[in-house]
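J.: Given next are the chains, with one letter for each unit.
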Amino acid sequence: MANLFAPGDRARVKLAAVGLLSGSVNPQPPIIGVVQKIDSPAADAVTVLMEDGRLLQVDNYNLLDKITPTLPTSFANTLFDKVVVGIAVPATTTTAAVLFSDEYIGRVVDVYDVGGTSRVLVRSLSNGMYYELLSLTEVFVLEDR
Amino acid sequence: MALNDIVSPRIPQGAPIQPQPTHYGIVTAEALPAVTVLWDTANPPVAYAPVATADLNLDVIENADAVTVSNFRGKTVLRIAPGGPKPGDPAGGTSREYVGTVAGIYRRRALGAPALPKGPEYLLVKSGDLFFEDLASNFTVR
Numbered sequence: 001m002a003n004l005f006a007p008g009d010r011a012r013v014k015l016a017a018v019g020l021l022s023g024s025v026n027p028q029p030p031i032i033g034v035v036q037k038i039d040s041p042a043a044d045a046v047t048v049l050m051e052d053g054r055l056l057q058v059d060n061y062n063l064l065d066k067i068t069p070t071l072p073t074s075f076a077n078t079l080f081d082k083v084v085v086g087i088a089v090p091a092t093t094t095t096a097a098v099l100f101s102d103e104y105i106g107r108v109v110d111v112y113d114v115g116g117t118s119r120v121l122v123r124s125l126s127n128g129m130y131y132e133l134l135s136l137t138e139v140f141v142l143e144d145r
Numbered sequence: 001m002a003l004n005d006i007v008s009p010r011i012p013q014g015a016p017i018q019p020q021p022t023h024y025g026i027v028t029a030e031a032l033p034a035v036t037v038l039w040d041t042a043n044p045p046v047a048y049a050p051v052a053t054a055d056l057n058l059d060v061i062e063n064a065d066a067v068t069v070s071n072f073r074g075k076t077v078l079r080i081a082p083g084g085p086k087p088g089d090p091a092g093g094t095s096r097e098y099v100g101t102v103a104g105i106y107r108r109r110a111l112g113a114p115a116l117p118k119g120p121e122y123l124l125v126k127s128g129d130l131f132f133e134d135l136a137s138n139f140t141v142r
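Residue numbers (our numbering), protein chains in the order written: chain A, 1 to 145; chain B, 1 to 142.
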């Protein structure tokens, strides 16, 4: 099977598994790097340049999440520089959406896809906690802030 | 099975506060009691080779029940004082300065232990600059 990564791709340590759903844990802070090279002769190996200059080499690319741009980019761009909060229960025709509590209101740090699903990384204004919303439909934009 | 499991160092029972967040990692190689873990800090994987699996002091992180996730995700929580809830105060007198947001909801099971029964459910909570992790049943939604 071909290596999932190519030089220039963004990557992070995978923290979801067969027994653990995405979003169960949120690293504080999240750390994302950029793939520097695909190592040969072991074609499954990947070397990642982390943001602080460290190199991380793993023997198997399946240990990493591939971070790709959310498409369409134009929609993702509407979330940058916005203050948002999570939606716990979506609105229906008869009820308003139930939002996360006010302590989760935060700034959008990044918008990306992991495994074909869009994610929004938020840092709360109240205590600096990073958390990831697991789809664009979980994002409530607070206007006029 | 431990390969590709998500693990975390065992938290000391009864320790009220962690000056740093809980860290998590993915098992990259295993032949218990030896394991190698790639941590979320993205440093090179670390190999551990204790005499016995129990000496690893690592827990496997697994899904909490959906109802627990629904009860706590996106909520502001307060830990219930050791004396338990009191009339008019479900937190039993815990100072409101300890109120926090939920950074993680999961079960912990000792690495190498049978898959059943499931391990207990925990919350990792951030309050100001501090973190604390405790049984989900020890928290109330504020």
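I should point out that these hints are in silico values taken from the structure, not numbers from a laboratory. Glycine residues also receive a C-beta, built at the ideal position from the N, C-alpha and C atoms. Among these hints, one or two may not hold up.
Computed beta-carbon distance windows for the label pairs [stated by the list, open to error]:
| no. | chain 1 | residue 1 | chain 2 | residue 2 | range |
| --- | --- | --- | --- | --- | --- |
| 1 | B | A49 | A | P69 | 38 to 46 angstroms |
| 2 | A | E143 | B | L130 | 30 to 38 angstroms |
| 3 | A | A2 | B | L135 | 41 to 49 angstroms |
| 4 | A | R123 | B | G112 | 35 to 43 angstroms |
| 5 | B | G128 | A | A6 | 56 to 64 angstroms |
| 6 | B | A54 | A | V34 | 19 to 27 angstroms |
| 7 | B | V46 | A | T93 | 28 to 36 angstroms |
| 8 | B | R142 | A | A6 | 41 to 49 angstroms |
| 9 | B | V51 | A | A97 | 51 to 59 angstroms |
| 10 | B | G93 | A | N60 | 31 to 39 angstroms |
Below are the EDC-like pairs computed for lysine to aspartate or glutamate, each with C-alpha atoms no more than 20 angstroms apart in a straight line [said to hold, decoys possible]:
| no. | chain 1 | residue 1 | chain 2 | residue 2 |
| --- | --- | --- | --- | --- |
| 11 | A | K66 | A | E132 |
| 12 | A | K66 | A | E51 |
| 13 | B | K75 | A | E132 |
| 14 | A | K82 | A | D110 |
| 15 | B | K75 | A | D102 |
| 16 | B | K86 | B | E97 |
J.: Would the hint linking A/K66 and A/E51 be met if the CA-CA limit is 20 angstroms?
T.: It holds: about 16 angstroms lies between the C-alpha atoms, which stays within 20 angstroms.
J.: Holds or violated: B/K86 with B/E97, Cα cutoff 20 angstroms?
T.: 18 angstroms, holds
J.: Tell me if the straight-line CA distance from B/K75 to A/D102 falls inside 20 angstroms.
T.: 9 angstroms, holds
J.: Do the alpha carbons of A/K66 and A/E132 lie within 20 angstroms of each other, as the hint requires?
T.: 15 angstroms, holds
J.: Taking 56 to 64 angstroms as the hint, is the beta-carbon distance of B/G128 and A/A6 inside that range?
T.: 41 angstroms, violated
J.: Check whether the Cα positions of A/K82 and A/D110 lie no farther apart than 20 angstroms.
T.: Holds, at about 11 angstroms.
J.: Kindly confirm whether 31 to 39 angstroms is satisfied by the beta carbon distance between B/G93 and A/N60.
T.: With Cβ atoms ~50 angstroms apart, the hint is violated.
J.: For the range 35 to 43 angstroms, tell me whether the beta carbons of A/R123 and B/G112 fit it or not.
T.: 36 angstroms, holds
J.: Determine whether the Cβ-Cβ distance between B/V46 and A/T93 falls within the hinted range of 28 to 36 angstroms.
T.: Violated, at about 52 angstroms.
J.: Just to be sure I understand the hint, the distance between the Cβ atoms of B/A49 and A/P69 should be within 38 to 46 angstroms; is that true here?
T.: 41 angstroms, holds
J.: The hint says 41 to 49 angstroms between B/R142 and A/A6; measuring C-beta to C-beta, is that right?
T.: Holds, at about 46 angstroms.
J.: Taking the beta carbons of A/E143 and B/L130, is their distance inside 30 to 38 angstroms?
T.: 32 angstroms, holds
Checked against the numbered hints given earlier, this structure breaks hints 5, 6, 7, 10; the rest are met.
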